[in-house]
Every structure is written in structure tokens, then in C-alpha cells.
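Two chains, each in its own frame: build the complex with the hints.
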Amino acid sequence: DGGITQSPKYLFRKEGQNVTLSCEQNLNHDAMYWYRQDPGQGLRLIYYSQIVNDFQKGDIAEGYSVSREKKESFPLTVTSAQKNPTAFYLCASRDTGTLAKNIQYFGAGTRLSVL
Amino acid sequence: AQSVTQPDIHITVSEGASLELRCNYSYGATPYLFWYVQSPGQGLQLLLKYFSGDTLVQGIKGFEAEFKRSQSSFNLRKPSVHWSDAAEYFCAVGSRTGTASKLTFGTGTRLQVTL
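Residue numbers (our numbering), protein chains in the order written: chain V, 93 to 207; chain C, 51 to 165.
Think of the hints as simulated: they come from the structure by calculation, not from any bench. Each hint should be verified, as a subset may be incorrect.
[Unchecked claim] If the Cβ cut is set under 8 Å, some of the chain V residues that face chain C in the computed set are:
hint, residue
1, Gly134
2, Lys163
3, Gln196
4, Gly199
Glycine included, C-beta positions come from ideal geometry on N, C-alpha and C.
Extracted from the complex, chain C is given alone in its bound form (with noise of 0.2 Å):
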């Protein structure tokens, strides 16, 4: 079964610094990947995803992620936060196999930006 680790639950940065969130997912196979942003009280918004190719990803917002076969790791990076990128991170797998495309997610990883 897939399943995904964010091992940080929250994270303060001040604004202007870089920032790296964790993600480690559990798949036999290459997944697929993604990174979802929810402001409090909101859905998720999609911010960058990797299918295939080219490892280093590129998203909304400034974001990137690199996928580390070797590490099983999908890291969300920006190099320098705005207060605006409060929020809550979820990362999650998505399945190749069969046609229902479930996705399961990470536990969230709560950022906090100082002034």
C-alpha cells in the first residue's frame, strides 16, 4: 500500500528565507506526485506535481520540488518565503496502477512566517 511522511508538523521561517518542507512516500513503483497548499478554512490548491521526466519541478507561487527516486523523497522548496505562503502543505502519492487515480495524502506540514 502507498503511503506518505511529512515528518514536520509545523515549521516557522521568517519572511525572505529559504524554505524546505519533507515529504518521503512508501510506493513500489514511481509514483505520482504532488504538492497542495490549504489556507485555513479552504480547499486545496494544486501547487506543482511530477509525473515523469525532468526531476526538478516547477510550480505556482515560486515553488519547486525535486524527486529523489533514491530517497523516496519529494521536496517542496522555495528560496524565499513571503508571509502570503502561511498555510498548511500536503503532500501525496497517486497511484499508476488502475483508473481511479487515488491519491493518498501526507499528514501536513503547518508553515509559519515571522515578519
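Excised from the complex, chain V in its bound form (with noise of 0.2 Å):
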């Protein structure tokens, strides 16, 4: 089946620590999204990558990096720097070649919580 992976499903970071969270996707899309989401705040936008070897901050992205290195994979690393990094983390996918280019499919997100 196609789809959009998120692991792990959920995540704990200690003070200082950097952590990554895993996004991979078998459809094939060419853009990827990342997002934060707050309750009552709705879902932000972190960094974004329309092709390989490039990608765009968001919104919030202090706090945050990203690597697009393969098609299918898009990364997001929470650093240290990142003082309230307590959310639900969601990835997207995006098919740029199709009538439905607009449409963007999620991953099942990552919860991260600080120890």
C-alpha cells in the first residue's frame, strides 16, 4: 500500500538533547511538509521541500532542521534550541504532476513530549 510513514509513533527528548523524527513516503510525490500542531492552534508549518536537495523554512522553523537527500525522505530534527518542542509532529506529501497537485496526504504524526 502506498503511504506516508511516521515513526517512531511516539518520542521523548531529555534537556539538551537533539532528536529526529523519520518521514518516508512510497507515493512517489515530490514535495514534503512538516508540521506542528498545538491543541486549539491548528497546524503550523515547519519546513517544506518541493524537490530533492532543497527545502524552505515554514513558519516556526527556529528550532527545527531538515534534510531532503532522497525523494522518499524528508527528516525533521529537533534541537536543543527548540525550547517548547512538546507537540504533535505531522508530515505530508504533495504530487506536483497530477490535476490533484494541490492535495496533500498525512503520515499518522509523531508525539513528541520532553522529559
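As C-alpha cells, then:
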């Protein structure tokens, strides 16, 4: 089955630690996105990538970093500079080459908590 | 800048009753419009979308939405709610300009269904 896989489902971070959230898709989509979800705030865009080896900051990029070395993978690192990392993180992808090219499809999310 | 307002944070309806969830957007032209649904601890699933054409769009699970340009609204409706519809619903607007197709989400409406 084609889809977006996020791992792990739950992640715990210690003070001063960097952690990496995985996002893999087998939909052959060019564009990928990372969102942060906090209660009552909807989804906010952290980073996005429209093509391999290229990515742009979203609205709340501070304290986060990404890479896009492969089309199917878009890992997100939450660095120690992110002082309030506790949230639900969602990865999405989009097919840029079809009529339905503006639809984003989402993974099941990773819940990050601070120990 | 585009924005989305979902004025109802929480709605409770009885099973079998009709449902309308409100969504108002701010955008300089005709946007792309979406409704997504999220079950607890899960990712987002696309319910329906508006790109162009008929302003009444049908989606999955018996949902429909109507685009009203004069009111800048895209309200979601269902004639008869089922207990399994209990979830959080997000309205989103997407830009027609540029290639990034970034989405801006509302803060969500949590639907509770009583039996």
C-alpha cells in the first residue's frame, strides 16, 4: 500500500538533546511538508521541500532542521534550541505532477514529549 | 496573507441530527479550499476539496461543502451524523500562486456526537 510512514509514534526528549523524526513516503511525491500541531492552534508549517536537495523555512522554523537527500525521505530534527518541543508533529506529501496537485496527504504523526 | 477562521471550537450534536461546521477564509482571489478530519492521535484525512467549478462539492463519508464567494465561506455539512463522525475537523486554504501550494489551517472544530 502506498502511503506516508512516520516513526516513531511516540518520542521523548531530554534537556539539551537533539531528536530526529522520520518521514518516509512511497507515493513518488515531489513535495513534502512538516507541521506542528498544538491544542487549539491548528497546524503550523515548520519546513517544506518541493524537490530533492532543496527546502524552505515555514512559519515556525526556529529550533528545527531538515534534510532532503532522497525523494522518499524528509527527516525533521528538533534541536536543543527549540525550547518548547512538546507537540504532535505531522508530515505530509504532495504530488506536483497531476491535476490533483494541490492535495496534501498526511502521515499518522509523531508525538514528542520532554522528559 | 491568507487566513482561516473556524469560529466554533467545540460542537455537540445528537446522532442522526444534521451538522454544519463553519469556515471563513481570507484570501485575495479564489483559493483552493479543503476540509480534513482527524481522529484522536491520528493524521489528517481529506474529506473534500474545492478547486473550481460547481460550488457545492461532495466528499467522502456523506459530507458536502458549499463555497460562497460573497461570504468568503466554505461550510461543511452532513444531513445525518453518525457516532463515528466524532473527531476534529480542519478547514484549510491553499494558495493558487507560486508552486509551493502551502496550506493555511484553521484552529479546528471538535465534534462530539451523543447517542
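Now the hints, each set against the structure:
1. Checking Gly134 of chain V against chain C by beta carbon gives a least distance of about 4 Å; that is within 8 Å, so the hint holds.
2. With 8 Å as the threshold, the beta carbon of Lys163 of chain V stays out of range of chain C, its nearest partner Cβ sitting at about 16 Å, so the hint is violated.
3. Using the Cβ-Cβ criterion of 8 Å, the hint placing Gln196 of chain V at the interface with chain C is satisfied: the shortest such distance is roughly 6 Å.
4. Nearest Cβ of chain C to the Cβ of Gly199 of chain V: about 5 Å, under the 8 Å cut. The hint holds.
Against the hints set out earlier in the document, a violation occurs for number 2 only.
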